[in-house]
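K.L.:
Residue numbers (my numbering), protein chains in the order written: chain A, 1 to 271; chain B, 1 to 271; chain C, 1 to 271.
Careful, some of the hints might be misleading.
Claimed, not checked - A partial selection of chain C residues facing chain B, derived with a Cβ cut-off under 7 Å:
hint, residue
1, Phe-11
2, Thr-35
3, Glu-37
4, Asn-40
5, Ile-52
6, Ser-54
7, Tyr-58
8, Met-59
9, Thr-66
10, Phe-240
11, Leu-244
12, Gly-246
13, Asn-270
14, Phe-271
It is worth saying that the hints were derived from the structure and are not from the lab. By construction, the Cβ of each residue, glycine as well, lies at the ideal position given by its N, Cα and C atoms.
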Amino acid sequence: ADIDLVGFARFGVVYNDGTEDWNLTNRFQLDVIGTTEADNGMEFGGKVRMRITSAGDYMNANGTTTNGFNDPMLWVSSDGLTLMVGNVEYALDNMPGLAMPSPGLLGLEFISPAISIPGYGSNAINGSDAVAMTYEMDAFAAHLSYDPVYEGTDMYVAYTFSGYTFALGYQDAYAYSTEWAAAVSGDIANIGFNASYADNGSDGDAYGVGFDYDINSALNVSGFVAYVDALDDANYGVGFAYDLGGGAALKGSVGYLIEYTVADFGVTFNF
Amino acid sequence: ADIDLVGFARFGVVYNDGTEDWNLTNRFQLDVIGTTEADNGMEFGGKVRMRITSAGDYMNANGTTTNGFNDPMLWVSSDGLTLMVGNVEYALDNMPGLAMPSPGLLGLEFISPAISIPGYGSNAINGSDAVAMTYEMDAFAAHLSYDPVYEGTDMYVAYTFSGYTFALGYQDAYAYSTEWAAAVSGDIANIGFNASYADNGSDGDAYGVGFDYDINSALNVSGFVAYVDALDDANYGVGFAYDLGGGAALKGSVGYLIEYTVADFGVTFNF
Amino acid sequence: ADIDLVGFARFGVVYNDGTEDWNLTNRFQLDVIGTTEADNGMEFGGKVRMRITSAGDYMNANGTTTNGFNDPMLWVSSDGLTLMVGNVEYALDNMPGLAMPSPGLLGLEFISPAISIPGYGSNAINGSDAVAMTYEMDAFAAHLSYDPVYEGTDMYVAYTFSGYTFALGYQDAYAYSTEWAAAVSGDIANIGFNASYADNGSDGDAYGVGFDYDINSALNVSGFVAYVDALDDANYGVGFAYDLGGGAALKGSVGYLIEYTVADFGVTFNF
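Just need the whole structure built from these sequences, with the hints factored in.
P.N.:
Written as structure tokens, this is what we have:
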């Protein structure tokens, strides 16, 4: 039985040409992860997260306002099969190749063709007591999640063949947009790539391509272009990460998102 | 000087024939316990707890809604004498043999003949800054607690003789029901038992008997029957715990509590 | 990369002749401090604090009411230069020799000639995302802080010469009182002392002297006299700390603060 404390922090500056202003931005995150292994090899675990983020001149305006932990995730895992309950990981939010790379300090807001999908709540309090199952065997992976509050199921299946991963996803809750999604990802000549499509129902279609490349042992660049009907216009961005060692990195990005040019620069570190 | 993190989690399903429904249930609990030993051997300590529990389709509805820690308990301890301040342990809530065994996943709601008594608050925020003392010497044990908000004192004395523990308790706050209580507990032919009685004042009388038995090195069964005037009718239940190793166990129970048949089944684990 | 948990607790009694009453008092504090070192020797860090304090018959009335953590401080540090963001340390609140010693259990309310100055928020939630820099080289130290919400800058410079530290400070936010301050501190014949002055603007002047002395390896006494226009009359106090080993100490004090005689007695310990 173990308890691990896993920390992450970032700070730097962020620009948005809607406000035409550079602002400070920072985040502090602490995960408390407890696990134990039963005699038959099954792993039981639980996790809570505290995430505090600054917004403008103030701390913590974009998450919980109480600086406590989020709702817990609990799980049991054995032979590639994991059952989660509580604040679970959802399928579309974890579907291989669906979301674009997250360049820079803030990840350019995690652009994904699949918009409005259920997800793990880093600041969730009093959220859904959901259920999810993931299964991995050799080249096959699947994820099924169910939210009892929205009475919604989402799922994906993925298969890896000759280094390329093909994934198909589906979601049926009225509260969320995406109806189905498809993605492929892999490496071509040491450049990671992904291409994905989502049918967002009444919010239209969306598709995008992304790349990720290690220029040398310290410097990585990544970027994407995504057309999302609900976000108007094309969205694109590119960023870099320079490894400082010890879990720290310099990161920066520039992009065009939802009609605004945005940029960020700063440092991230793990502890 | 040490800080220990002590975790507990459970998840499973619970049935109640009032709602005629099975529901998911889960809990995540983390204790942060700091202690140090002075040169003369006195131990100083402090403890806070975070407990998050699901209720129905939502997380955390039956405790604090902020997912923070509870009010701290602080103590100093030496030669069997412990002084506690803050969110303390109360006497009747810890009186040997008074409460029934807690079979199954949820412990069948911790039935005790002593109803409405002061207790340590696992979710308490802005609670009483109380004081308590416990003393143990050889076969003798005593516990005295005082709540300054309700201006109430509760206490017990216990004595163990030939393997049987006899305990007497008392409580005088108008905000709580129980006026006095008596209990005996021990083992007969490797079966643990307890029998207890409480005078709950205007809430009437209550009494009960419980048992606890290790069928083999992995399987334990326990149960009780308790008559509590304020809960109408007889309340009874039986449950099992199957040790999976590594601090994990399968647990289940079925019982009749406050006019409803209830049942639960799931897993608990420590980390 | 490391995560340190650093705990502090105190409990005891406090007297105030305004209420003519002795009251229980206690506090539990936990710091979570994450740090990592990059390959070039720079240190990156982040810290959050949970502090819960009793007030009268209740827990936690004088701080956050949610028992969560405070806003985080993040920093990067190299070669004596530290940059902090978030819930930062402010200059005047850390100026050498400015504040009086803090005798006894509660520190007699941290009397300082500089009143109403910005400070690190042990219970701050949704506070300012501020910036600060500190620099130390040989005998020289400087601290500059900026609060974007109050648009205020405060700073000090300090120089140590022949064992005496001279410091000058300045603050310009309208929301705070102190305009400038000066202090000297050091040791004379093994007795630590400090003398300081603050111009508190429309709140008048203030000055004080303090001392700190180790009578033997276990017993320390400290005290001060301070004249603060805004607090009327002279304020003075004296206290002791008796080291119990293991990070625990008995502490007590008596003083005259803001027209009332106050006293405290209790124990503090680290874990």
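K.L.:
What hint numbers does the structure not satisfy?
P.N.:
Going through the list in order, the structure violates hints 2, 3, 4 and 10 and respects the others.
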